[in-house]
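> One-letter residues, chain by chain:
There are 2 protein chains.
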Amino acid sequence: MQKVFIVLCFLYGITGSILAQSLRSPDGNLEMVFELDDKGTPFYSLNYKSQEVINKSGMGFDLKNDDVDLIDNFKVESSGITTFDNTWKPVWGEEASIRNHYNEMEIKLRQQNSNRILVLRFRLFDSGLGFRYEFPEQSELAYFVISDEKTEFAMAGDHTAFWIPGDYDTQEYDYTRSKLSEIRAIMEEAVTENLSQTSFSPTGVQTALMMKSENGLYINLHEAALVDYPAMHLELDDKTMVFESWLTPDVNGDKAYMQTPGHTPWRTIIVSDDAREVLASRITLNLNEPCKIEDTSWIKPVKYIGVWWEMITGKSSWAYTNELAAVKLGTSDYTKVKPNGTHGATTENVKKYIDFAAKHGFDAVLVEGWNIGWEDWFGHSKDYVFDFVTPYPDFDLKEIHNYAQSKGIEMIMHHETSGSVRNYERHMDEAYKFMNDNGYHAVKSGYVGNILPRGDNHYSQWIVNHYQYAIEKAADYKIMVNAHEAVRPTGICRTYPNLIGNESARGTEYQAFGGSKPNHVTILPFTRLIGGPMDYTPGIFEMDISQINPDNNSHVNSTLCNQLALYVTMYSPLQMAADLPENYDRFPDAFEFIKEVPVDWDQSKYLEAEPGDYLTIARKEKDRPNWYVGNVNGLESRTVKVSLDFLEKGKKYIATIYGDTKDAHYKENPQAYEIRTEKVNNKSTIKQFTAPGGGFAISIVPDEK
Amino acid sequence: MQKVFIVLCFLYGITGSILAQSLRSPDGNLEMVFELDDKGTPFYSLNYKSQEVINKSGMGFDLKNDDVDLIDNFKVESSGITTFDNTWKPVWGEEASIRNHYNEMEIKLRQQNSNRILVLRFRLFDSGLGFRYEFPEQSELAYFVISDEKTEFAMAGDHTAFWIPGDYDTQEYDYTRSKLSEIRAIMEEAVTENLSQTSFSPTGVQTALMMKSENGLYINLHEAALVDYPAMHLELDDKTMVFESWLTPDVNGDKAYMQTPGHTPWRTIIVSDDAREVLASRITLNLNEPCKIEDTSWIKPVKYIGVWWEMITGKSSWAYTNELAAVKLGTSDYTKVKPNGTHGATTENVKKYIDFAAKHGFDAVLVEGWNIGWEDWFGHSKDYVFDFVTPYPDFDLKEIHNYAQSKGIEMIMHHETSGSVRNYERHMDEAYKFMNDNGYHAVKSGYVGNILPRGDNHYSQWIVNHYQYAIEKAADYKIMVNAHEAVRPTGICRTYPNLIGNESARGTEYQAFGGSKPNHVTILPFTRLIGGPMDYTPGIFEMDISQINPDNNSHVNSTLCNQLALYVTMYSPLQMAADLPENYDRFPDAFEFIKEVPVDWDQSKYLEAEPGDYLTIARKEKDRPNWYVGNVNGLESRTVKVSLDFLEKGKKYIATIYGDTKDAHYKENPQAYEIRTEKVNNKSTIKQFTAPGGGFAISIVPDEK
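If you're matching them up, the sequences are chains V and E in order.
Residue 706, in the numbering used here, is where the first sequence stops; the numbers in between run on with no holes.
Residue 706, in the numbering used here, is where the second sequence stops; the numbers in between run on with no holes.
No lab work stands behind these hints: they were computed from the structure.
None of these values were measured; they are calculated from a predicted model.
Incorrect hints may have been included.
Because identical chains cannot be distinguished in the list, a pair is counted as satisfied if it fits within a single copy or across any two copies.
Straight-line distance between alpha carbons at most 35 angstroms, and here's what the computed DSBU-like set of lysine-lysine pairs gives [as the list claims (entries may be wrong)]: (1) Lys653 x Lys668; (2) Lys479 x Lys352; (3) Lys684 x Lys90; (4) Lys90 x Lys76; (5) Lys329 x Lys90; (6) Lys684 x Lys353; (7) Lys399 x Lys293; (8) Lys479 x Lys151; (9) Lys434 x Lys680; (10) Lys65 x Lys337.
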């Protein structure tokens, strides 16, 4: 770690007060300017290679029941610039080591009419800016309530945005590509139905928000290290193109309960004239604290299958019986009711999945619907909805565990909470202990439906606090967490790498609920994945869902090769092969790629990228010489030339290319693929067609002959 | 247990539908009539010795988001009357065995326009009526939300009531005696300040509500077995004198989330023309379920002292330091701050209390302010406010435990939650385990201040559910609970006798906060104590609080003998001697009564009673021949003749009488008492003066000479 003090440049006005202060990124391309106006309100602005990225934007807070808001009357008490350059090794990740290099400006402000101190901390990386508010311990400020955070992000133009509706309860929306000025007109249509949703404004959108300016700048707004604070949305003034932070409120409409010393999460602005640099940015991770788990040896990337898609498609059920209208755990007697015959999590069925996982080299099997309570789990605002430890009569936990162990397969636990957060916390210790006792090392948790306590929302400070509690407590039990419907990630996985996955976006399940846009997966890496890995559950080979369940006419808007590519393009240490085993058996050659592709990496190369249109990424397997390339495509077919200059010089490789055929199409002909091999080296270029909603996947392994 | 079917008497109308159905109490004095009106709305009424007690009163519910409320269109599907007579032995109580004798009417109603079934269950005891609504498992009703319970209690006149304001957060009010019609005019004045309070209506009052009719009927309205349902208040229509149930709402204004099979708590109406019978009624306990704890050997009544009054009076502090404005548990370093020098829970001070307890034969010592976090515990809506396991640096837990053990003294744990309910639940297992590990067998818990989660209230279904959770979990750890600021008790202690105390009313602490009305303790047994024992913390000998803390000018509105009497009149298996040891040392002769008086009983005799005016009770010590008599008096001095006809015939006793002197007065001369002994037998009468706000206490032990 290096902290070097740099001489400050102050720009003094006539009165002698500090008017503006400038900070440059290590490479000099980004410049952030801080200034106080004549009312003592702090502002910042950002430019990239002399182009305006963020116009002069206000900063501060409205406080509840306080005579003085933290918004003006500030004077600079001290300031300083330091530089930091350090490289750290993540437990898992897109690369084996990550450089954390920034120049930092600390501005200590004193409010003249309250004598309170507010510290603004700006970290300017080559790829963007992070800043946060800090509230040091002080006599004039101990406890306070933020009624509004007034951070502005003043856009320099009517950019094209890739956005989903701002919502206190869900991010499971399809992305819309539109001008900022068009958001208002489209919003109503964009707010599609969800099991729990609370949108708040016709111009409110979620982070991470991806934008592109007319002159080709890529701008991404998000936050890092969201801990004990409400999630931030962005509310657009579509006349001025100024976003303001819009925090998720509590039941009283208050935003954040604060205590000194304390601070907000980091607000992040990634910017580049090359979209690939947005994907390569490590701002979000770097702004989080280093790993707090001492022994991380138990944290391991996982490739898994699961008793899941058959329920998602409606072929089988989570519930064991259709005879219980209102389950009372501990009272309802499952041995006295008639099984419905469609229950997915039966011992027999699970064993088939275990066999399949073992045969094809997967690490683990997830089983949903294994525990009692699914008969009435949703929509009743039910408090005691699951106990997380009692299996259905047809799920023989011990037998399954022994069977899996004998085959070298891990079982993945499932904790659906139905949004009943208090109930989960009440049972958490026992549930985690049960996992320890029964050999489960990872849990998929879920927060489907409205939150209990009633009146609260998925992204409020109170519930954000819960997700963090669950992660930290899981770490105490050496349990890895994959939380669905939780708040979108903000790089917490650096500090708690047992958080190996999150959903927090529209995942593959929506392909069985009516379908997602074919270019969805070209956007997610620029939005949802900025915060951390997603359990997207790719790998669907049968796109016609009615083949699985005749009552379900949904279509998976993706070619088969697009599905393969996702294992590379959608970075995650947790990757599912989501389709039914029988569907993989129908396409054993294509399935080879899923079997082979690793889930941990030494290096990642972002070969080409344009949000909404296409994405090609190459990654080198962790501790091995193999490379994997993935391409996902938007609506227009393309031919991609992949230069393999990243390969080791002078070394021979064999590339296996899984590509769309010329007549492939996400809708009309999704299963049209061809597989070929080429002998390649670092001078080679692979030319490959990619269909609408298509893609390709390439494995490149040393030619050992 | 006996269940005898009794032939039903139906009164048929012209149309052949059932118009009314009658139920009589075992002694015949009470008659309850159930009827359906021509709209199919159920009604009940109650009379006592042919006097109207409850006029025809409606029953039913408004449901949320439901086309059909459970209010009318009912027809009687079946009905039946049974009788029940059984005697059970409480683990502790006012008497060694309790008779549970009632006639029960079950009315099964079917709603014609919904096909739903509602069961009304009436239990008529000699001392009053209990009834509840039951929702059997059925196809047309699984989950529902009660937006309003419409149970009416139509009074037959403008009775005199002893009431406190209806409030979602506190019962810590002084009682007002007024006509029902006068409540509205007095309400504003009656809502005195409290650390957390939410009154809801100018005619809303709390249960247990005590009333007296002009023709001398004593009527008490309350509820029994409040489990997983909001606490009921009473909203008065002061034109018609009809009360309607007013349930504590949740943040959305909803009242109760229900699931079938399920039921409400019991609504209770105790009635008699003799006020003593109200005190002798065991309706509340009898309507609760039998004990659910198998081994109750660890549950024992407790007489205790505590490091408490010195903080209440302001002589010492709960907090260790004045230097921490905002504590962060786990981060704030108490070894680096300056102690404030007023901290009460120091090892040295606690040892003095242990010495005193051992010297005078007490069972236990309570210590408040022993654990870190008290510097900023109140008023900040602070989530992580206490951890319940970390002592202050000057509280040597092990040393104190060893010292107490060596002296045969138990330590009582203290868990103040500051209303932060989630935080308490998160730490509960660890806190209870910590108690087990460190030899604590009882905990005083507290819920001072507004509830977290924010927007919720002390008496909502959600938080009522928490108190129950805490009691049941404590039972798992063999821990006895004394919960302060929790919901008022409703006889739950029959089912969970580890609930040995509650506050839930204006306790003795208010005598150091400005004082309570001198006749307060003549009312509490008719109101708050109907639901269960109260940790009233009596035994104050120094009435001038400025003698303890010169900055506190509060006066204890009670004579010293009134304080002694409370150990008999305020039944509780948990009794504190609340004053400072040095104040007991000043009055060693009077202190003898507190040392001697037991905390568990074989029999209780209610010798005379008039709410607001006076109360004289005699009780026989459990498994011993000794009797104790207590009298508390209202505002007018009296001379009481206590007939000792309850003593064993032919046996000689010595009575020691602790009485007010003729010039005693709660305000002017509270410490004026005299002690005398008399030789007595079952033909004796003791004549004793009792001053305004005064009282007397008598111990009667066999004359062994």
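> When the hints from earlier in the document are held up against this structure, which numbers fail?
Per hint list: 1, 4, 6, 8, 9 violated.
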